[in-house]
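Taken in sequence, the protein lines are chains H and A. Take this note's numbering: the last position of the first sequence gets the number 1696, and nothing is skipped along the way. Take this note's numbering: the last position of the second sequence gets the number 1696, and nothing is skipped along the way.
One thing to keep in mind: the hints can contain errors.
[Unchecked claim] Calculated pairs, DSSO-like style, for lysine-lysine (alpha carbon to alpha carbon, straight line, at most 30 Å):
no. : chain 1 : residue 1 : chain 2 : residue 2
1   : H       : K1636     : H       : K1672
2   : H       : K1462     : H       : K1408
3   : A       : K1664     : H       : K1408
4   : A       : K1408     : A       : K1468
5   : A       : K1462     : A       : K1538
6   : H       : K1672     : H       : K1639
7   : A       : K1408     : H       : K1664
8   : H       : K1468     : H       : K1408
9   : H       : K1537     : A       : K1537
Please keep in mind that the hints were generated in silico from the structure rather than gathered at the bench.
Protein chains: 2
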Amino acid sequence: MPIGGDAPIAVQSMTKTDTRDASATVRQIRELEERGCEIIRLAVPDKRAAESLAAIRRSVSTPLIADIHFDYRLALSAMEAGIDGLRLNPGNIRDSEHISKVVAVAKQRSVPIRIGVNAGSIPADYRPGTSLAQRMVQLAMDQIRLLEDMDFGLIKVSLKAFDVAATVRAYRMIAKKTPYPLHLGITEAGLPWAGAIRSAVGMGILLNEGIGDTIRVSLSSHPRDEVSAAYEILKSLDLRERGPTLVSCPSCGRSEADVVALAEAVNERLQNMDKPVKIAVMGCVVNGPGEARDADVGIACGKGRGVIFRKGEVVATVTEDNYLEALMAEVARIA
Amino acid sequence: MPIGGDAPIAVQSMTKTDTRDASATVRQIRELEERGCEIIRLAVPDKRAAESLAAIRRSVSTPLIADIHFDYRLALSAMEAGIDGLRLNPGNIRDSEHISKVVAVAKQRSVPIRIGVNAGSIPADYRPGTSLAQRMVQLAMDQIRLLEDMDFGLIKVSLKAFDVAATVRAYRMIAKKTPYPLHLGITEAGLPWAGAIRSAVGMGILLNEGIGDTIRVSLSSHPRDEVSAAYEILKSLDLRERGPTLVSCPSCGRSEADVVALAEAVNERLQNMDKPVKIAVMGCVVNGPGEARDADVGIACGKGRGVIFRKGEVVATVTEDNYLEALMAEVARIA
Chain H
1362 MPIGGDAPIA VQSMTKTDTR DASATVRQIR ELEERGCEII RLAVPDKRAA ESLAAIRRSV
1422 STPLIADIHF DYRLALSAME AGIDGLRLNP GNIRDSEHIS KVVAVAKQRS VPIRIGVNAG
1482 SIPADYRPGT SLAQRMVQLA MDQIRLLEDM DFGLIKVSLK AFDVAATVRA YRMIAKKTPY
1542 PLHLGITEAG LPWAGAIRSA VGMGILLNEG IGDTIRVSLS SHPRDEVSAA YEILKSLDLR
1602 ERGPTLVSCP SCGRSEADVV ALAEAVNERL QNMDKPVKIA VMGCVVNGPG EARDADVGIA
1662 CGKGRGVIFR KGEVVATVTE DNYLEALMAE VARIA
Chain A
1362 MPIGGDAPIA VQSMTKTDTR DASATVRQIR ELEERGCEII RLAVPDKRAA ESLAAIRRSV
1422 STPLIADIHF DYRLALSAME AGIDGLRLNP GNIRDSEHIS KVVAVAKQRS VPIRIGVNAG
1482 SIPADYRPGT SLAQRMVQLA MDQIRLLEDM DFGLIKVSLK AFDVAATVRA YRMIAKKTPY
1542 PLHLGITEAG LPWAGAIRSA VGMGILLNEG IGDTIRVSLS SHPRDEVSAA YEILKSLDLR
1602 ERGPTLVSCP SCGRSEADVV ALAEAVNERL QNMDKPVKIA VMGCVVNGPG EARDADVGIA
1662 CGKGRGVIFR KGEVVATVTE DNYLEALMAE VARIA
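I would like the entire structure built from these sequences, with the hints used as guidance.
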């Protein structure tokens, strides 16, 4: 799984099961793999969680990252168990001798280390008087230098805060200072609706500037929502393709069809479709034909009748009771 | 309702009722007002819809905009009915004589006109060979000149496409060319989840650059979702305040509490709260205390016990069965 350079921006998430429960964790990893999650991180809070990693690693194929705080010995155990990457929080492992022990093994096994700075865990006495963005960058740079001094270069960096503006400033700064791949995230972003929007704003700004090599959306919900949000962010900037894209009009006092219900029904039918097809569901003659023509398959609904387009050509005129089936038949033809 | 300059970025939406049905439309306008919608647009597709506007205008206080396509006479009727603004789509009213009749009345009544360009309705023969962004900008500039030539300056401009990158490029271009307030939107963005994320990416990029004076999120759903998404976008960049903000951790294999369920319960209790209070619900000792300390009220849950913070100070240690009530008691104290 290449990260950085010309590689596609990778989507990651994190299991929310108890890592000590290997079978529940493997089950959740499989759910994430089905959604297209490409890197999966697991919290390793204690020795028993670390011991569980070997069995988990054997059961799945996706690259797994161990998330370590405080105790460097857990990082050593995780690598012993065959984990593919480490995330260390420099705010929480401050002893450079401990870090050097981890780095020696990581180097030997070619295990990448992400320096994962998080606004909430910057030591209170660290560079007071400087901005949050500056402190995040500086803390990461301290750690980068430590790893570089040990001739270790398999580094990724993240600088996450809930504050979108501070996060954006921090990533922009570090992108100028280091060549390492950047893992983007807005931390503790909240419940799915507000959290996905907040993450989309922050990551959208950075991705649009070419900053970011892998992303994780943090949501208080099942991690499948994090993967879904991540792909929607990437799709909106044409950075990745994943499944169908639905263009649908918001409906208004001009609509002559229940275009919201039609869009929902189409979306429901598309749930298990993998192919990146663009489908337009439009409610009137104002923008309808234009948008429907531009999609792979589209319908522009008028008064009791709608026109179906395939790759810009009118292929059928259908009556209202047949909108859904006629549209889905064209979608099936394209897919 | 000032738009542009130093005015706060205004949130708008559009009714999805049949405008000819005045009472249903007034009901939906009131639902939108309750959510904080500051400008409400109504489609005026025909004479009967235009005739309905006077009764609607008398029943509510929020500024109302009439959305007009094709028939300039509907714009004249809407102004007659006391509407506060017009949205005209230059792709759909191309006769400059008709536009001049509308402008004469708008000038006399000080009714602002939004030149609302939409990718789906650009005439097929308009400047072929140029990019979508260029065509949207050029079409708007043509219309701006027409209005300026009539000494009309109460202009707003929007350039909406489903394509986020093209929309961003178009707004950046026009922001350099004109001093008029810009209304931002990503058109036909789809169902709420994907549509809100797509809109957040597009508008987030622009707002972060200082581009945009009023926003409308277009979603295929009840317009209250559009208002909610708009405020979440603006809140994430600290451009507006609106109700509480929930900082909550995504939970992971380290969590010793069901932080997702707690965050959902807190959110449920906050539904009717107007005050812009920042509340943190955190699941462990890694980032928990740091984030909880940074919020107005926060809880950092540990093993069976949690610590409650108010404005950075520990105010209580509570047992697991009391997390929700103890947290909400502090929230009530702050509010």
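Q.
If you test the structure against every hint from before, which numbers come out violated?
A. none
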